[in-house]
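Peer 1: Position chain D against the provided structure of chain A, taking the given hints into account.
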Amino acid sequence: MDDLPLQKIAISGSALASLIQRFSSSSGDVDGLLFGHLSQPTPSNLLEDDLPEPASTRSDSSTLVGNVTGFVCSGTVSSFYDSAGRLNEPALRRFVADRARPDQSQSLLGWFVGRRRTALRPSLREFNVSSSLSNETLNPQIEDSVKIPPCVFILLSTPLIAQSIHTHDHRAFQFRRSSGVFEPKSMDVVNIGPGFRVHYGAFSPNSPLPWLPCVVRDSSSMEIEEEKRRDSLTARRAALKEQKGLDLYAEGFDVGRLGRLMGSEAANYTSELESLYEKMLVKLEGLARNVEKSSARVLEQEQRNMRLRSKFTGFG
Amino acid sequence: MAVVADGTLPPLIAAQLNHLLSHSPLSFKVDQIWSGCKSAHFSDRFTLLVPFCLDYVKWDVVYNALCPWAAPDVIFAAEDEGFYPFFVAANGQSGKSCLEDWNCKDPARLMLLVHELRDLYKSYQMKRVGELDDERLKFEISTVLSREGIEVCMVSGSERLEEVKFSVPLLDMNLNKLVHGCPWKHQQMIYLQVVFPISRKYSSASSPRIKLVSSSELKSLLSVEDVKLPTWLDGMCMAEYLPAVEDILKAQIVEAIAAIGARRRFIEALASQFGRPLEADSVFCRKATVLAASGVFTFLVHISLSTQFPKQQPVLVLQSSQHFNSQGTPVLSPPLMDYPWSPRWEASQMVERIYEFLAEECLSFKKYCNDSLFQQ
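Chains as they are written, first to last, in our numbering: chain A, 16 to 331; chain D, 9 to 384.
Note that these hints are calculated values from the structure, not bench results.
Check the hints yourself; a few may be wrong.
[As the list claims (entries may be wrong)] Simulated pairs of lysine to aspartate or glutamate, DMTMM-like, Cα-Cα distance not exceeding 25 Å:
id, chain 1, residue 1, chain 2, residue 2
1, D, K185, A, E317
2, D, K66, A, E317
3, D, K46, A, D97
4, D, K46, A, E198
5, A, K326, D, D114
6, A, K23, D, D114
7, D, K113, A, D97
8, D, K135, A, E198
9, A, K23, D, E87
[Unchecked claim] Output of the computed footprint for chain D on chain A, the stretches with three or more beta carbons under 8 Å from beta carbons of chain D:
id, segment
10, 35-46
11, 81-93
Beta carbons are placed, not taken as given, at the ideal position from N, Cα and C, and that holds for glycine.
Bound conformation, chain A alone:
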């Protein structure tokens, strides 16, 4: 992995918003890992006789962009490192295993810290953690692509004096392993601002489509037939179970009945449609009530934790 300079760091508006939300809803300081990918957008004003240069020779005029597309927030600090800034490898691997994908659409890009009412510059420990992290080789190794160590660091803070309009600050850095310094990088928020259309030039979706089993009805293929025979019983049982679940949700509106909602007969079935919606609403209300109850219990548990913590620290 090369210690290539980044031109800037880009983050999607929703990722940044949810990052800030996680930080501002936590009771104390938080940290976590940043995931994403690197991209090298082609400059739009390319001249035809421009010769392609190898990436390594372009150190100053780098066009490499670190795209932050997701994060894991630990909800606390020192979640994957100790007080001296050394990594806790098992914890780090656990975090990464959940997120990193082998297709490199989401690899470990760096980490972040949110600490309220502090100066917007990296601290002693943050320097050491970044330094340890930039020596990591956790990302899946893929040939023929640009790779950098997880060197991005985003620092979130709030102003020292509480203000009503200006409530959050953030700053992005790249830790350069070779020189051992933090280089401040500009942070582009994708989807926001007048120039947002340009961002879609290099757009690639990062949520993969769900795997859909495609069964060839023709059944001429011997392979499929054989497989079918072998798994038929278990498969049928599973399908039956799924169908039962689906029926429960359909409230008696099977596909045949729904089919009548279309075409010339449709006008007669408005009342049926209405009753379907009504049942859906009842169901939603039930769900909302469940969420409310579980939220109350989460809150209760959090308060209990807080009390225990206070007791431990001598405040109780």
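Peer 2: Only chain D this time, still in chain A's reference frame:
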């Protein structure tokens, strides 16, 4: 010295901070204490003023009130961007620091950490100055670096010009031991502060700015601002200059210690005319208060002696025991320092002359007191 006034810091953190403030041989200060929690009743961060090179550097110490057993983090000043101690090397091995096995139950931990960081900061500044392209500074550093306790740092002077400040401890003597019954908690030192402008050419190098610095506590013995420093000649270096300054200072200190004796004799002589003083500074003998009366009018005489005594005569302030102003405080006379005086008199004669002067002066002071009562 600032002490944590309110109990807003969790006990584990407060114990460490108080230990630092009361046990460190260096005088740390706390600028501000605040909270980084959503519910602000736990405070967990503070700005520490770290004494360095005759000034203070501000470090933010960031604890976490939600887990006060964890080691703190430190954010250094904005101008010290390049200062990152305990650098974790590529093989994961870092220099042994007390952060590695933090024990929250040990109140001395924060002090150990801060001392460790301050030592590293000292070497960091030394390295920065050593890397400057200035022949004179290179020479100065190589010649005076062997002195114990020397500190250097970069300072940004006026018009964004960078300067280099040296703090050189002078005189290898224990000032605390020279003063009988010394009340000083910290070891007293006198430093020479030398500020060099950075210049590339040796020939065009201008003279540095020189100043003697001591703690405010030392002022009761000797005021270093009053010491006349020898002139810095063109082409001089610190190694030449320092012995001259030290010789002058040594003489001044001997004189200052002797002056305590002269003041003590004066205060002891007060008893013959005024009776035993009500109050007297028994260590530096800079202050004494006696009771005097003229008929039924009784008043206190506050006598202040400067470090220049007997060259400078004592300053007298009279305080009535019978007249009070509208706020209920006793009426005071303006400072009196214009009365017959000769530094060559014996202590007993000095006291006699003051007694005679006050016999006259008390009448006008009584009138002054009565007038101030009428004005109310």
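Peer 1: Each of the hints needs a verdict: does it hold here or not?
Peer 2: The hints, checked one at a time:
no.	hint	in the structure
1	D:K185 <-> A:E317	violated, 59 Å
2	D:K66 <-> A:E317	violated, 36 Å
3	D:K46 <-> A:D97	holds, 24 Å
4	D:K46 <-> A:E198	violated, 30 Å
5	A:K326 <-> D:D114	holds, 19 Å
6	A:K23 <-> D:D114	violated, 44 Å
7	D:K113 <-> A:D97	holds, 18 Å
8	D:K135 <-> A:E198	holds, 22 Å
9	A:K23 <-> D:E87	holds, 24 Å
10	35-46	holds (count 4)
11	81-93	holds (count 3)
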